[in-house]
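Participant: The lines below spell out each chain.
4 protein chains.
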Amino acid sequence: MIRFGVIGYGYWGPNIVRNIHNVAGAQLVAVCDKNPAALTRARQSYPFAQVTTDSCEVITSTAIDAIAIVTPVWTHYELAKAALQNGKHVLVEKPFTSSAKEAEELIELAARKNLTLMVDFTFLFTGAVRKIRQLIDEKVIGDLFYYDSLRVNLGLFQHDVSVIWDLAPHDLSIMDYLIQDRPEAIVATGEKHLNGVEDMAFITVYFPHNVIAHINVNWLSPVKVRTTLIGGEKKMLVWNDLAADEKIKVYDKGVRLHNGEKVHDLLISYRSGDMWAPQVEQLEALNVELGYFVDCVTNSRKPFNDGEAGLRIVKMLEAAETSVRHRGALVQL
Amino acid sequence: MIRFGVIGYGYWGPNIVRNIHNVAGAQLVAVCDKNPAALTRARQSYPFAQVTTDSCEVITSTAIDAIAIVTPVWTHYELAKAALQNGKHVLVEKPFTSSAKEAEELIELAARKNLTLMVDFTFLFTGAVRKIRQLIDEKVIGDLFYYDSLRVNLGLFQHDVSVIWDLAPHDLSIMDYLIQDRPEAIVATGEKHLNGVEDMAFITVYFPHNVIAHINVNWLSPVKVRTTLIGGEKKMLVWNDLAADEKIKVYDKGVRLHNGEKVHDLLISYRSGDMWAPQVEQLEALNVELGYFVDCVTNSRKPFNDGEAGLRIVKMLEAAETSVRHRGALVQL
Amino acid sequence: MIRFGVIGYGYWGPNIVRNIHNVAGAQLVAVCDKNPAALTRARQSYPFAQVTTDSCEVITSTAIDAIAIVTPVWTHYELAKAALQNGKHVLVEKPFTSSAKEAEELIELAARKNLTLMVDFTFLFTGAVRKIRQLIDEKVIGDLFYYDSLRVNLGLFQHDVSVIWDLAPHDLSIMDYLIQDRPEAIVATGEKHLNGVEDMAFITVYFPHNVIAHINVNWLSPVKVRTTLIGGEKKMLVWNDLAADEKIKVYDKGVRLHNGEKVHDLLISYRSGDMWAPQVEQLEALNVELGYFVDCVTNSRKPFNDGEAGLRIVKMLEAAETSVRHRGALVQL
Amino acid sequence: MIRFGVIGYGYWGPNIVRNIHNVAGAQLVAVCDKNPAALTRARQSYPFAQVTTDSCEVITSTAIDAIAIVTPVWTHYELAKAALQNGKHVLVEKPFTSSAKEAEELIELAARKNLTLMVDFTFLFTGAVRKIRQLIDEKVIGDLFYYDSLRVNLGLFQHDVSVIWDLAPHDLSIMDYLIQDRPEAIVATGEKHLNGVEDMAFITVYFPHNVIAHINVNWLSPVKVRTTLIGGEKKMLVWNDLAADEKIKVYDKGVRLHNGEKVHDLLISYRSGDMWAPQVEQLEALNVELGYFVDCVTNSRKPFNDGEAGLRIVKMLEAAETSVRHRGALVQL
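Chains as they are written, first to last, in the working numbering: chain X, 1 to 333; chain E, 1 to 333; chain A, 1 to 333; chain V, 1 to 333.
Chain X with its partners taken away, still in its complex shape:
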């Protein structure tokens, strides 16, 4: 039984707590938040758990094995470091840290202490992302051409970070999980309109072998869109995460080039066949992820969404931020 303390009971924290409460092998011991109103809500729902405004109490408690950190990103490093130093396993909300340097330090510390360090990339545990990964692994899609994601909505504006650090971690982590190759460079553009941080950004990630990813994140869209196009040599797919059913549509469409009669003359033919929407499992992703965390801790297994995965995303976020501030300057990774 892994005993959990959770730091942060704001927007996402209650979901973490609820799932810890429901996952086999996990036990909710304490909830910490600076906001007394949040603690009142926690106490009402989980009267058996300790509540406190002091994160030290949780981090140093001998009744706790693992700490879930669900606080603003600029606090992740200090909290995770203290937790690791106190011998706790750590699940930290994405983005992992505010800088690659911090991430590297935490990775090193967790390794030295032999503790599990996981970054909460909930999307990687959804039925949709797992199904797409399966289609790629089973060579259904064929060699990848591109990944193009649109993630826009109205708000929620963050005070301290741009839309890049707020929304792009989703897409970058999914892209990282699906493409399975190391990106070479990033170009990002964007603009600030209201509160001094970018509220929209357009990020291009270059990969080897002409694979390219593009991510469009925007806090100023009147409609909510969560759509990703993925093109491969054999099949192409559209993933609409807002669709109630048929989230993933796989198209038997493609382009073939033939040599024409003259040199340098390419004849192009298009293939347009059936469309197919595989059934996507409807499990709660966070529940699966927390079960996986418990399993990794229990069996000393290294999670695939470990500190290294978190670090890769932080590096890309840093690169995108640098690029956007220099109007699309190419940043090598």
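Hints are computed from structural coordinates only; laboratory data are not their basis.
It cannot be assumed that every hint is accurate.
If several chains are the same, the list does not tell them apart, and a pair holds so long as it fits within one copy or across any two.
Straight line, CA to CA, 35 angstroms or less: simulated DSBU-like cross-link-like pairs of lysine-lysine [what the hints assert, rightly or not]:
id : residue 1 : residue 2
1  : Lys81     : Lys113
2  : Lys234    : Lys249
3  : Lys139    : Lys302
4  : Lys139    : Lys234
5  : Lys139    : Lys192
6  : Lys81     : Lys101
7  : Lys224    : Lys315
8  : Lys234    : Lys192
Bear in mind the structure is a predicted one, so any value in this text is a computation, not a measurement.
Could you slot chains E, A and V onto chain X? The hints should help.
Facilitator: Chains E, A and V alone, transformed into the frame defined by chain X:
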């Protein structure tokens, strides 16, 4: 009565010819194409018109007042130049020319000869674009924040030009018409996967006053999308050109920033009200445009979609192409 | 403070319990279910509440003011009768009872005992239905022409009742609330394919003044649809309850008839204007309804969704069932 | 070469004429319409064809082998009879005739004269309907449970016939083609709101073996819908004829009943698997149909959409009209 010769009867030419045939004040005199099969089709539909494979015949004919050039872009300059030199008014398919230099020469020549030179930007004559322009002009949208367009589909691959020259002229010309300000710089990224030219590209256009445009064009998408988001201070809109009805949806949504209790503390409030889909006129845009061309020629009026408008788009296409080849290098306009 | 006992903790019961727990002026005292597993779940979420498998305990408890009955329809009459006889206010799940006779008896009993009797028609408390009612009341729609509802999905098959008693109460109650006139007659058709009860039914309800309603309910549809068309003299609307936003679209469309040149010659003109999606409040309907129940009990106010409303729906369900069994026989109401 | 005369050049006639002009083995000889303006349009597009306001001229012409009748339904009988009597093959627009009696007489006459008599059911030649028929014939769908069609839009109001005769022939003919069994009885309801004929109708058709069809036609809908649900034992499908792509979606969904532990206790299990959108051929249906007509005439082959097929639909239309006027009275077929 303006007497027309049309050069080019391939993909778009038949639409030009059909509309010349239907527009009051216009008379179809001759159709020219290098491909005899195309001429056979033209003769069948318009038995009264002359057909020829020799463009010179049309350009020098004294029975013709105006030439419509509906050929590949690399031929526009030579044909338009010859037509203007022979005293013909010219309607040329977009993109105007292959280079800004060519465009400037044609503009100068038309001005010197006092001839009408129009670039066919059909979209600017659609009910949808005119309605959006009206909403902007009437200050319904408020100060613009951004223009973000997605124009993707499978094919049609071009042999000679990239997706930038093929699809982006639509968006750039609509953007140019709606934003009504001069762009400052362009950043473009993209990738080639099949035949040595970019088959997808992501173009950012920077405007003064933090206005930004983004254009996503892609020949390798399994689905056809034609959707543009436009955000303003007062309202935001979504234009889905593929919707049978309700092409334009105007959202009474917005963000307001207030000063909070502490210095540098911004409180953000969201406004979310009704949505409204104004009725959009269903006229055939090309018909309206040709009527406008006839009117401009007849009354020696300068069209708004003149050579200058064409030149602005060509400059942006050149900039985008330069940028994409240098992986997102900023190109000043 | 109204103290509640809830009988039935199966599919819908937990929602009732959760909302009683959240509504001001309501206090959850006891939960009853025949199924011990259900009680275990209830105890885990509401450790402070009494749980029991014996409904008598709840009904006779002096610590309880009101009973919510959330059990299969054939048990409603006995439970509600016992509750009323014991001086409890009653909120009973729809459909109210299995027969009009039972409903009438309960209405009479509640009136005699001066107790509040409400039927849970949750939909009448949604933002969507209230907005439509408002549009009707404010004469935006004009005189009603028709109400046409499609409510189809795969399952859930009921063992004891047909799709008419399972799905149609939603539509009949909404129709009853919106049309505000008394139906004259019912024709229903349908078919059984699997377990001896109708799994699809098509119900027509005739109202005075040529107003007509049509309800299509189906347990054997591969897709879930919840769409209602409402046509009026001035405006028409589409309510898609599955849409995340823009649930209600109001169309400025209409038909006008003019006298033509000859006698009996009608000229028809169509009006097609803007579409408008009013913002719909996002409150949890059940929460609003329970607050209303508490208010009615506290202030001895007669709810609009009282026993009489429940009886009207039961009469229509009986009529529909009679009609469908006689292949569309007209049943007068 | 079959030489055609076409009577009627109003709404649908031009489509018939254009396709006769394009079909191999067919020759357009004459166009007849009472309206001189229609003839002017015909002459402009087909200068080689004879035009006349006198249908007798066409019917008795020795230069004509076949007559296409594209006039209002109440004129079909007289025109078709005269054409058959003059030895012409006949293609008549649906609905075939105004009454079953007329239809029977024409069938008998065509048989006696050994002439081809075809009713224009264009939908039966679309890629979508043919694909659905194929899925049924190949037992992909399994035994049919139901056919449920929604065909609604604003207008076009007819002066002389109700929405039943205007819109339902589409659905009835498709249903007839797909179900391939003889209907037993019809129940129809509906209402008149404007010009004295039903502007909406809800038609139920009973077939043997618990197969049921339902057709919802409405001239007073603010939105255009063309959606049909078809449920079978093995698969269910949704056909959305307005979808640009993916018109047909086949769902691997179903219900299975098992015997439970107790007698009369049915356990229900649901199957929910992948969805699959087969590619649908994009041929112009009318072109295919006219090619088939030419083939039937040339090779003296009996078309499947012959007078008998037309008669079956007329009988159902008569039954529906009778039923709707008696508020859902069951009419045996």
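Participant: Find the hints from earlier in the document that the structure breaks and name them by number, from lowest to highest.
Facilitator: none
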